[in-house]
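6 protein chains.
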Amino acid sequence: MNSHPPNHEHIDDQMVKMEVNLDNIPGEWLGYVMDLLFEAGANDVFYTPIYMKKNRPAILLQLLCSLENVTKMKDILFKETTTLGVRFYPLTVHRLERVFIKADTKWGPITVKEGILNGQVVQRAPEYEECKNLAQLHDIPLKQVYEQVWKSLDTKE
Amino acid sequence: MNSHPPNHEHIDDQMVKMEVNLDNIPGEWLGYVMDLLFEAGANDVFYTPIYMKKNRPAILLQLLCSLENVTKMKDILFKETTTLGVRFYPLTVHRLERVFIKADTKWGPITVKEGILNGQVVQRAPEYEECKNLAQLHDIPLKQVYEQVWKSLDTKE
Amino acid sequence: MNSHPPNHEHIDDQMVKMEVNLDNIPGEWLGYVMDLLFEAGANDVFYTPIYMKKNRPAILLQLLCSLENVTKMKDILFKETTTLGVRFYPLTVHRLERVFIKADTKWGPITVKEGILNGQVVQRAPEYEECKNLAQLHDIPLKQVYEQVWKSLDTKE
Amino acid sequence: MNSHPPNHEHIDDQMVKMEVNLDNIPGEWLGYVMDLLFEAGANDVFYTPIYMKKNRPAILLQLLCSLENVTKMKDILFKETTTLGVRFYPLTVHRLERVFIKADTKWGPITVKEGILNGQVVQRAPEYEECKNLAQLHDIPLKQVYEQVWKSLDTKE
Amino acid sequence: MNSHPPNHEHIDDQMVKMEVNLDNIPGEWLGYVMDLLFEAGANDVFYTPIYMKKNRPAILLQLLCSLENVTKMKDILFKETTTLGVRFYPLTVHRLERVFIKADTKWGPITVKEGILNGQVVQRAPEYEECKNLAQLHDIPLKQVYEQVWKSLDTKE
Amino acid sequence: MNSHPPNHEHIDDQMVKMEVNLDNIPGEWLGYVMDLLFEAGANDVFYTPIYMKKNRPAILLQLLCSLENVTKMKDILFKETTTLGVRFYPLTVHRLERVFIKADTKWGPITVKEGILNGQVVQRAPEYEECKNLAQLHDIPLKQVYEQVWKSLDTKE
Numbered sequence: 001m002n003s004h005p006p007n008h009e010h011i012d013d014q015m016v017k018m019e020v021n022l023d024n025i026p027g028e029w030l031g032y033v034m035d036l037l038f039e040a041g042a043n044d045v046f047y048t049p050i051y052m053k054k055n056r057p058a059i060l061l062q063l064l065c066s067l068e069n070v071t072k073m074k075d076i077l078f079k080e081t082t083t084l085g086v087r088f089y090p091l092t093v094h095r096l097e098r099v100f101i102k103a104d105t106k107w108g109p110i111t112v113k114e115g116i117l118n119g120q121v122v123q124r125a126p127e128y129e130e131c132k133n134l135a136q137l138h139d140i141p142l143k144q145v146y147e148q149v150w151k152s153l154d155t156k157e
Numbered sequence: 001m002n003s004h005p006p007n008h009e010h011i012d013d014q015m016v017k018m019e020v021n022l023d024n025i026p027g028e029w030l031g032y033v034m035d036l037l038f039e040a041g042a043n044d045v046f047y048t049p050i051y052m053k054k055n056r057p058a059i060l061l062q063l064l065c066s067l068e069n070v071t072k073m074k075d076i077l078f079k080e081t082t083t084l085g086v087r088f089y090p091l092t093v094h095r096l097e098r099v100f101i102k103a104d105t106k107w108g109p110i111t112v113k114e115g116i117l118n119g120q121v122v123q124r125a126p127e128y129e130e131c132k133n134l135a136q137l138h139d140i141p142l143k144q145v146y147e148q149v150w151k152s153l154d155t156k157e
Numbered sequence: 001m002n003s004h005p006p007n008h009e010h011i012d013d014q015m016v017k018m019e020v021n022l023d024n025i026p027g028e029w030l031g032y033v034m035d036l037l038f039e040a041g042a043n044d045v046f047y048t049p050i051y052m053k054k055n056r057p058a059i060l061l062q063l064l065c066s067l068e069n070v071t072k073m074k075d076i077l078f079k080e081t082t083t084l085g086v087r088f089y090p091l092t093v094h095r096l097e098r099v100f101i102k103a104d105t106k107w108g109p110i111t112v113k114e115g116i117l118n119g120q121v122v123q124r125a126p127e128y129e130e131c132k133n134l135a136q137l138h139d140i141p142l143k144q145v146y147e148q149v150w151k152s153l154d155t156k157e
Numbered sequence: 001m002n003s004h005p006p007n008h009e010h011i012d013d014q015m016v017k018m019e020v021n022l023d024n025i026p027g028e029w030l031g032y033v034m035d036l037l038f039e040a041g042a043n044d045v046f047y048t049p050i051y052m053k054k055n056r057p058a059i060l061l062q063l064l065c066s067l068e069n070v071t072k073m074k075d076i077l078f079k080e081t082t083t084l085g086v087r088f089y090p091l092t093v094h095r096l097e098r099v100f101i102k103a104d105t106k107w108g109p110i111t112v113k114e115g116i117l118n119g120q121v122v123q124r125a126p127e128y129e130e131c132k133n134l135a136q137l138h139d140i141p142l143k144q145v146y147e148q149v150w151k152s153l154d155t156k157e
Numbered sequence: 001m002n003s004h005p006p007n008h009e010h011i012d013d014q015m016v017k018m019e020v021n022l023d024n025i026p027g028e029w030l031g032y033v034m035d036l037l038f039e040a041g042a043n044d045v046f047y048t049p050i051y052m053k054k055n056r057p058a059i060l061l062q063l064l065c066s067l068e069n070v071t072k073m074k075d076i077l078f079k080e081t082t083t084l085g086v087r088f089y090p091l092t093v094h095r096l097e098r099v100f101i102k103a104d105t106k107w108g109p110i111t112v113k114e115g116i117l118n119g120q121v122v123q124r125a126p127e128y129e130e131c132k133n134l135a136q137l138h139d140i141p142l143k144q145v146y147e148q149v150w151k152s153l154d155t156k157e
Numbered sequence: 001m002n003s004h005p006p007n008h009e010h011i012d013d014q015m016v017k018m019e020v021n022l023d024n025i026p027g028e029w030l031g032y033v034m035d036l037l038f039e040a041g042a043n044d045v046f047y048t049p050i051y052m053k054k055n056r057p058a059i060l061l062q063l064l065c066s067l068e069n070v071t072k073m074k075d076i077l078f079k080e081t082t083t084l085g086v087r088f089y090p091l092t093v094h095r096l097e098r099v100f101i102k103a104d105t106k107w108g109p110i111t112v113k114e115g116i117l118n119g120q121v122v123q124r125a126p127e128y129e130e131c132k133n134l135a136q137l138h139d140i141p142l143k144q145v146y147e148q149v150w151k152s153l154d155t156k157e
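Chains as they are written, first to last, in my numbering: chain A, 1 to 157; chain B, 1 to 157; chain C, 1 to 157; chain D, 1 to 157; chain E, 1 to 157; chain F, 1 to 157.
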């Protein structure tokens, strides 16, 4: 069992990848299915364009979830998509420790997620939703908000 | 060994995914390879566009087959594609119980494959080849045949 | 000038396609840009995965808009993406006449958009947002709502 | 008007590209639509995976045809797909002069299509269907047939 | 004729897009073709994955060039790829005025390309090759160089 | 441990696939990351276009490496990309025995890599870099060099 809290650097072996090939579903249903899977606890859901037999453009749906959520995911896939089978792959995930800091911009603070590898900050990702909100509130380009965040952060040594 | 007959809801752990990256094969050969793999017993074969080193657009060929067919598949991959290696991944498949019913359209009956999860019908897929044949025979749009099939089926409760 | 009201079958030659190649923008900004372009009046916006020089996976952004919206679109592209140039292509669009009808399901009515070609109904598309709302309200699969809609519609003659 | 017979090097300005975005059609219908469009005289039909609004994976259908076939193509697109509009782009095509020669393999002759630019052979494409037939008849890999063809051809000077 | 020097905001209508569909060429040749086209003066070259008839995964090659380079491009396409025809589309490009400034990082200066729309700086792109050289020289992550550049630039008002 | 030398037909179970989803990294960094991973000993690195939540076009980076290189790869992924987690999948690779022979062309010799399955030559791949060098040195199309190579090789029996 994985006893580390999720925000410390650790190896997680309680994950599974689920996969279905879909060649008989309209694309507009797939946008909806993605939302349902995230709401039900999927760690990630993504679509890859594939080509199947009989000249069919199709979609490979992949999702990542913890073992405890497998049944919920499977139910959504069978009820909301058109698949008759779901594939499961075991996997292991190495996750960085995550720390949240604040960056000051002239429009207000933005949370920045830092990823730490062996005690060293290797990632700094401004929170998208906060940047987007500032951009809309002040009617400025989103990229300008990100530039301000990077400007305000100390550069890594 | 998997002792369930293939049309009942079950977990199948006698499957393998095989994978090759192909950056030095013409696309027209790949259409042919797909046919050969299906004829030799592959459960599914599909292509994903990928980008490889040196600016090469390439194709990831993936196939799913039962363990007993692995050698046949490998032989086709080595003889008909340009790969020097084939990758294998273990996987588990959850399959729905499948039942075949008939739907009546004004142009004749169409087989519909139902998928059953915990005793409940969750999938109803009209057989493509039959719909296509009716469409061609009566010179009507394929989607009209599907609409008639859905019209004739009782809605699920 | 195009004097036909937009819901009748007609040829529209007052449209333009705009295009930019993007190899130095994070994907999360692109989701935001799509929303802005739609809000500003784009008829459609879509992304195509492409491969550019130096092994760069990239995105081709394409949008369709009427001539009167070109400046607004261009401003968003230059301010919100990282491009230094925007390409324009003239095009002509043939649009079907559109009529909106109602379909009755046991959970309530759904609007269906019909497309008419030479006086004949050739398209019937249930409105996605209404189907989604019913599905969420009654906690049923989205595809079941669509099946009910098709069930309730008279089949085309 | 284009007065050159189609097998001589020439500029063809009697072509059009047609385009539709499809986010509400199952992939299995698209395989069928492609066949219909080719049978009705399309010069080429191809699918590109795109991403549309609301997280919808979708397909861009593009086809090339001569101006005289536009109405036939448009009718198929409106009747067999789910689109409410078709886009048209003017284009010009430069075509090579084509000559057909025979290559001898130990399993029999294969037609090779040559493309000629300014009097010089720049392309030599063995006919796929003939190569495929030989491969199946003699139970040999398709690539071996192609290798034999290249072996038998004089190298270009 | 386009009389504006290339670094001022202007409309360029002396460009053409060229396009070929390729389903019988190995991917490794395409990496080479891209280099040749750039060397011969293409403004851009990019590949899009497409699906063609007979289940063939294929590549759409697109390039942008000025009218004066069309013949050179066409020759390369006919000699180095397997196509028998090349398609041409007229287009218009709106280009931003470009100005080059310097950003100081602790490892040395980096050129930044600015794009100017109606007198306002809307783009600032650090030169990739210079950032890459610094990263390699000092054995630091590339993204750290970019972060330093953004840190050193004044934020836009 | 895998005790077979790498050029004999064998099963290699000392490999791992690593995978990250990237929706907040510019494409130009990804070209650089690919080079770093190959230099550090990756057996293969490739990119697949995917679609993630919130309408984000994104990239799935996949790499194959031996178990002994896992830490080096992980460090590069965490330091050079924007990911906070890396996924690992066990896999098994069947590799063909490889033999290198020489083909004579009128411009000089080219190495050809042969793949051998059960004692039979099933693959023959001319070395790309050598073909490219000859093409550039003699200013001839790359495909002409390959044609000469195939011409000079004995056809397989």
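These are computed hints drawn from the structure, not numbers from a lab. Don't take every hint at face value.
[Stated by the list, open to error] To be clear about the criterion: a stretch of chain F counts as covered by chain A if any three or more of its residues have a C-beta under 8 Å from a C-beta of chain A, and this derived list gives those stretches: (1) 36-50; (2) 53-62; (3) 72-80.
Here the structure is a predicted model, which is why all the values come from computation and not from measurement. Backbone N, C-alpha and C fix where the C-beta goes; we use that ideal spot for every residue, glycine too.
How the hints compare with the structure:
Figure legend: the region 36-50 of chain F, annotated as covered by chain A; annotation consistent (3 residues with Cβ-Cβ distances under 8 Å, at least 3 required). Coverage of a stretch by a chain is defined here by at least three residues with a beta carbon nearer than 8 Å to that chain's beta carbons; for the region 53-62 of chain F and chain A the count is 4, and the condition holds. Evaluation of the coverage hint for the region 72-80 of chain F: fulfilled, as 4 residues show C-beta separations to chain A shorter than 8 Å, against a requirement of three.
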